[in-house]
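Colleague: Residues per chain, in single letters:
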Amino acid sequence: MLNIKNLEATIDNKLILKGFNLNIKPGEVHAIMGPNGSGKSTLANVLSGKSGYEIKGEIKYNGKSLSELSTEERAQKGIFLAFQYPLEIPGVNTNIFLRTSLNSVRKANGEKELDTLAFLKLIKEKSSELGIDEKFLSRQLNVGFSGGEKKKNEILQMKLLQPKLSILDETDSGLDIDALKIVAQGVNSYKNKDNAFLIITHYQRLLDYIKPDFVHVLSNGKIVKTGKAELGVQLEKTGYTNLV
Amino acid sequence: MKQYYDFKIEKIKGLSQEEIDSRKKNLELFYKNGFPNKKDEDWKFSDLNKILSNNFNNISNNDYLFKEKNFKQIHEFEHNFISLFNGQIISSDFSYEEKNKISLKVFNYKNEKNLDKKNSLNLLNHALASGGFSLEISKNYKLKKPIVIYNNFSNSLNETIVNYKNSIIINENSELNLINYIDNSSKENFMVNTIENIKMRKNSSLNNILINNSKCNGYFYKYTKNDLEKNSNLKNYLILSGLKFNKLDIEINLNEKDSKSSVFSALNLVKNEHQEIKTRINHNAPHCHSYQKVKKVLNNESKGVYQGKIFVKNIAQKTDAYQLSGALILDDAAEFDAKPELEIYADDVKCSHGSSSGSVDLNSIHYLKSRGIPEREAYELLINGFLSEILEKMQESELKNFLIKKLERQINEH
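Those sequence lines, one after another, are chains A and B.
11 is the number of the first residue of the first sequence in the numbering used here; add one for each residue after it.
56 is the number of the first residue of the second sequence in the numbering used here; add one for each residue after it.
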């Protein structure tokens with residue numbers, strides 16, 4: 011599904027990713043762990059198509075070069091990034107945003123756009139699964155939301171758009187243990203053999219609830235070690251210092 | 056500079072000799088000053104004389120007898136209406152209301168002699184005004200439906216100026232939702248110069264909404280003087296994108312305790328459109344509130360100006376005054392000027408003001424795009440969010456939905 015080969019990413023004349031390689035197949039859950047400044051968020055930004063990065067190397071998504079796709083096309087084709095810091099957008103109603111987003115994706119894929127009623131029914135169902143109070147949906151997008159509410163809102167968007175590849179950028183940060191469980195449940199219930207996850211995190215914590223197939227350690231812009239789920243547990247005990 | 060205007064009082068019919076003499080004095084004073092230019096502090100950001108001389112060959116006045124009666128009505132909500140053509144009352148309908156609660160007359164100019172030497176457009180209005188209306192709401196009456204004033208202008212108004220005066224009185228304990236609706240798509244250059252006096256008696260309330268529905272080449276200037284008595288509440292909503300030139304000159308006098316006023320404005324300007332909002336809020340009594348939120352989005356070579364002054368008299372203790380101006384500038388050629396002013400003579404007051412201008416936040420655009428929303432729509436969502444925020448606290452839900460839709464159209468149509 012995703013094949014990254016020798017990826018280099020530079021921003022403001024600073025080389026952040028220095029020959030990054032990763033292959034993700036449908037049905038797999040990959041975790042990327044690493045210390046601050048290792049390039050984790052840069053990877054998420056580059057995959058989402060954020061401008062400002064100078065890119066070398068190759069990223070293929072279902073056989074097609076990702077660099078040819080705009081941010082919105084990537085989303086329409088099933089790449090989803092749950093932001094580390096979801097943006098607060100004053101004046102934009104959450105419900106209207108969610109409907110515009112869903113319908114943009116549906117339209118791009120030749121599906122019929124949902125009318126207000128059908129949308130409301132769907133969003134009610136999805137939000138109750140995540141324990142999101144409907145009142146949130148009539149508020150301005152992420153404005154005044156707590157950290158946990160913002161992250162839940164990201165997972166709600168994921169479940170709504172039904173992406174093939176979901177990238178969760180430090181979704182566990184700022185979550186209390188109850189919210190963490192709800193978010194993990196949300197991910198687990200969506201996981202199937204056709205979609206894949208890339209979970210970017212500092213800590214093992216989230217991986218206690220979402221079991222990864224592979225754990226990669228990112229350091230100084232490169233993957234320095236790859237293992238199974240046990241690697242995450244081990245890192246929690248020993249820290250990154252031995253590896254980086 | 057070439058003389059590009061030519062005004063004749065003789066064109067106005069039915070005036071007494073006394074009126075003619077008084078109007079002549081005003082016209083003479085106008086001719087001394089001409090249209091306002093940059094030397095005038097109130098016009099420092101918009102040289103009207105230059106703007107008009109660049110766009111008009113010869114402006115003249117005309118006292119037309121208007122035969123047109125057809126106009127497009129709003130269908131989204133039930134309402135009473137007053138229909139004006141070029142400032143003259145053509146028809147009205149208050150059938151949703153109780154009888155004898157609403158009085159509507161043609162404005163009476165007989166007692167209007169005031170010479171305001173500072174404002175040359177007011178001088179011109181005093182000299183040339185005809186038509187207009189006087190609207191009065193009886194006391195203890197809450198209108199069941201809003202009143203829409205259809206401001207229609209003939210397409211034959213090329214190179215013509217229309218001047219008129221209105222007066223609105225809301226008596227004690229009465230409530231009105233008033234919508235000034237402009238719907239003109241004339242490609243001809245014309246000018247409209249209006250003076251409006253609004254008197255709000257004790258405990259009265261007014262939502263005064265100005266909204267424009269189509270693109271037009273009109274040059275509008277409106278001077279509104281609002282006088283508020285005890286515990287009255289005035290809310291202005293200004294949603295007027297699409298006019299070639301528009302300046303609203305709003306004076307609000309909070310004359311008695313506990314009166315409240317607000318000014319909310321949302322403008323999305325394109326091409327070389329020019330809009331200016333000038334406010335002067337006079338806190339003349341203690342315990343009054345004023346609130347202003349003026350938002351503009353500037354595209355292409357458009358220009359937006361906000362001159363907002365809050366004046367607090369020495370006796371006006373416990374004043375609460377707030378003023379915020381925000382602009383999104385989307386093109387290097389666009390211009391935004393803001394001049395906030397506070398003049399405070401009381402010591403126990405809460406006054407704050409702020410002004411911000413900048414471009415659209417690209418991180419927000421990226422966030423929206425990462426959810427599959429195309430770039431253009433992402434911009435529209437953000438601009439809409441930025442502007443429609445001024446309607447957030449509006450309680451009249453039917454009206455609010457109507458305004459949100461109109462605003463959305465003003466944003467998406469260019």
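Hint data in this document are derived by calculation from the structure and do not stem from the laboratory.
Please read all numbers here as calculations on a predicted model, not as lab measurements.
Treat each hint with caution, since some may be false.
To be verified - Here are the simulated DSS-like cross-link-like pairs (lysine-lysine), alpha carbons at most 27 Å apart as the crow flies:
# : chain 1 : residue 1 : chain 2 : residue 2
1 : B       : K460      : A       : K134
2 : B       : K461      : A       : K117
3 : B       : K460      : A       : K122
4 : A       : K134      : B       : K455
Colleague: Each hint: holds or not?
Modeller: Here's how the hints hold up against the structure:
Annotation: proposed proximity of K460(B) to K134(A) holds, straight-line Cα distance about 25 Å (limit 27 Å). Between K461(B) and K117(A), the direct Cα distance comes to roughly 25 Å. Compliance with the 27 Å bound is thereby established for this hinted pair. With a C-alpha separation of about 23 Å, the suggested pairing of K460(B) with K122(A) holds against the 27 Å cut-off. Proximity of K134(A) to K455(B) is assessed by CA-CA distance (about 25 Å); at most 27 Å being required, the pair is judged to hold.
In terms of the numbered hints stated before, the structure departs from none.
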